[in-house]
Amino acid sequence: MLIAGKACLILALALSVYGIAASVYGATRPPGPGAGGWTGGQWVASGRRAVYALAGVLLAAFAILELAFLRSDFSFALVATHSSTTTPLFYRLAAAWSSQEGSLLLWVLLLSLWSSLLLRLTWRRAREIAPWATAVLLGFAAFFSALIVFLETPFGQALPAPAEGVGLNPLLRHPSMMIHPPMLYSGYTLFAVPFAFAVGALITRRLDARWIQLTRPFTLAAWVFLGTGIVLGARWSYSELGWGGYWGWDPVENASLMPWLTGTAFLHSVLIQEKRGMLKVWNVGLVLATGILSILGTFLVRSGILESIHAFGASTLGVPFLVLIVVLVAGSIVLVAARAGDLRSEHRLDSLLSREAAFLLNNLVLVGLCFVIFWGTFFPLISEAVTGTEASVGPPWFDRYTVPLALVLVLLAGVGPVIAWRRATPRNLVRGFRVPVVAAAVVVAVLVAAGGVAERPAALAMFACAAFVLGAVGQELVRGTRARRAMAHESVPVALVSLVRRNRQRYGGYLVHVGVAVLFVGVAASSAFQDVRELRLSPGQRATVGGYEVTYVRPTAALRAASNGRLERIELGAVLRLRRDGRALGAVRTYRSYFPSQDPSLGAISRFFEGEATSEVGLRAGLTRDFWSAIAPDTAELRPRIARGDRVFAAAVDELPPAAWNAALGRALDGLVASYASDPPAATFRVIVSPLVAWIWLGAGIAVAGGLICLWPGGTRGRRVETAARAARVARDVREPAHV
Amino acid sequence: MGAPFLPSAFPIGHTSIRMDPHRKRRIRLIVASTCAALLALALVYTSFSASTEARTPSQLLADASSGRAYQLTGKVVPGYERRADGTLAFQVRDRTGGGVVPVTYKGAVPDPFRAEREVIVTVRKEGSAFVGERDSLITKCPSKFSEAKAEQT
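Chains U and A, in that order, are what the protein sequence lines are.
Counting with numbering that gives the first Met the number 0, you get residues 0 to 739 for the letters of the first sequence.
Counting with numbering that gives the first Met the number 0, you get residues 0 to 152 for the letters of the second sequence.
Just so you know, the hints here were simulated from the structure itself, not pulled from any lab data.
Only a predicted model underlies this, so the values are computations on that prediction, with no experimental measurement involved.
You can take every hint at face value.
What follows is a list of derived Cβ distance ranges for each label pair:
id : chain 1 : residue 1 : chain 2 : residue 2 : range
1  : U       : 384       : A       : 61        : 20 to 30 Å
2  : U       : 89        : A       : 37        : 47 to 57 Å
3  : A       : 61        : U       : 621       : 48 to 58 Å
4  : A       : 116       : U       : 162       : 25 to 35 Å
5  : U       : 209       : A       : 30        : 26 to 36 Å
6  : U       : 328       : A       : 116       : 30 to 40 Å
7  : A       : 130       : U       : 451       : 29 to 39 Å
Derived coverage of chain A by chain U (criterion: at least 3 residues anywhere in the stretch with Cβ under 8 Å from a Cβ of chain U; other residues may be distant):
id : segment
8  : 46-53
9  : 74-85
10 : 109-115
For every residue, glycine included, the Cβ atom is placed at its ideal position computed from N, Cα and C.
So that you can see chain A by itself, here it is in the shape it has in the complex:
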């Protein structure tokens, strides 16, 4: 039989005094919330500090800093693709024309890569040239990326 005046935190039969469960839960909640908040803060901080800015060729030509990584997005200019000694050289232009950026790149070249295709490549400015980060080149899948539709009714 338990004594009715004793709080549930001190049940009869237990030799040690236990913490009030409500307090215990509150402490757990505070600890868990603090951990979650710290992790979220780390997530936000690292995502902003480790991110790569997306730039079009004309933006990159206007204000690119040497050594800094940018994510270059645009279309491959026809007639300027050259491969030599495992290096691919090509040019990327704005989707709507405008600036053209020459890029040299080593690494995996996606199968759909070719002239007039949408590409995304991480580049760094080295002197007057832009050097692609190894294996960073991606090409939009043409089966799905369709700008123009067939004539339909």
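Excised from the complex, chain U in its bound form:
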């Protein structure tokens, strides 16, 4: 199987190289049969088929790897180091991409699948651009295939094959991690599609809005996937990592946010190019930057160039990625400079009070945000280059710039839908802004009157901006529904649905704006009004945090076995009872799981306390506030017993047969956890009460729903059919004056 996997990867590399050559040769040769009697079109078709074949071959390679994980085939080095027989089946599937090698394979597999879908859907409509786009996409595929063939192969052999694997890092055992990496990689690889088409459009000078229209579904899908991936990562961090935060401005988090920001800017600015033929250079620049930032994100995770909790360190991939990025940046600059004459805008900005100007400002804010994050992320390298000393900036520095920019961004999410194209008149401004401004003013007045919010002006401003957005979008929906009802005499729900159905891009986009506003309300409230406490409690003791009365009711302690009966982990935890305003709210349970270390130098019992440990959060989530708790059990009192047990079992290893030795070890561990439960020491609890955290997940869900509405196929076709039917009806009415 290892050989079959390796063969698939070599074949994938060969197919990529062949596809590039065939596509470029076919696109550049003159009409008529050439080498081998093939015409240029036939060479291009052959290059396209190479993409389909690449997807098939990589799918086979990935299936071989997944099968090895499912079968716990430890002759695969990757399986031996990232899975074990005690790893649950669900997580064995995800373990493939928890490694550097497996995630690179997943990256190129997704790229090949998306590229195949793209070419299947668009090649007839973009005959000139498609061969060049194919070559670019295959260029990426060749790069990643070369990495997994020559540098980081997922099909390395473990010699000798161990009887048991190391297991998946317990921190990654969270449902989010099953879909978080594929979502991120889908986002990154899908952003390669508009990048490739932009390069193709620049080479062939087909710089009208056609390539944008063809790749829009892929750009939107990239935006949805990457956004979902980012939010899933935040959710995993919040509920699994034991620190209670969802965003830490870590370089790898930032790396995923940067292409998402420029991709968001691109999705807005292309509307101006489509409607007015403006911002062509800007759009091409944005899409090229987004593609390069996607590669940069992958580079940051893989090179270990920056200190990050997530980065794959000690990697040999830094130099190849750096070379790729330099080539992409230089090539993009040269191409755009060479086509500057073809990228002139067809119109100018008529007024600063127009939707175009609002979109432009939105773009500047998004790109500004991206630049700030880029600067802060790469500051350690910048400072080392400038001063010779590596230094870094922390979350307060990021917050100083990103908070005001986020405020402007949310405000613009409300301005965009209501301001007129080309030039807004005073009448238009009053008509469009009256409701949103009143909504924002009412929210400010209510919150100030309620008290406690005015001391946090940034949060208050964010609530006002969000109310402005909800007012603007609500007003647009009401007006649209009214107009629809007047025209078609439909009921309100039917009119609303048909309004959205007939213009999915517009109303899906508005829903995204609502989602973003809701999300930022959650971020602002949970950051500004969070109550964090470290508590040291013994059973029966209580404390008050953020209005919650927390009582440590009793300790919990248990041995947990995997599905195959082997001991998987020890759990030490606590049950906390909650009361608020004199009302009992029930109990939450938090515990810490201790997974055994594979280090043979450790004692038989201490290896259970020296391996990986994960916090299982006790969470009581609600729409208005979350109660979050994580325990750090004090195992100091167990230490003497653990050390004594280590000595006893070390001495008994030659005296007892393995089965008896294992049974005795099980009993000893059982006794150890029972002693913790019967005589528990005081434990340390990290308790956080945060308002409106649920709004972050809710807002993200709304934004994704909006993105899916934009993506949903058939809107244009349906409208065309309906318009044609209406035209036929009008024509019939004109012919038959009896109706008049």
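Using the hints, position chain A against chain U.
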């Protein structure tokens, strides 16, 4: 009908005299460029003034100023972790051995924190001790930060 000799900045039918669009665009560009340059300058200035220098334990032992924040990077020394009253005491050594710095720290302790793990913590020198900034401790994710690979062919 417009008079052909009049520049486009003075279109017929408008009662007020409008600014030459080219000039208007130039002014807008200058204003926007100035704003961008000022913001960039602020960004550069604040990033250098608000940054924390990354130091290894041996560098910190050699020339640490009292009260100043440093980002200490290194590995946790085995056998020196103590928890008492919500304070974690541990020692950090250079990746390649060498200097060892004792640290006391309050706040969130990441799950992967343990002996021999790579950590990054913001510390200030207080007397002869180094005190960690609350919630600043981060530990590299061991699933990804792998220094040694399993034997492969």
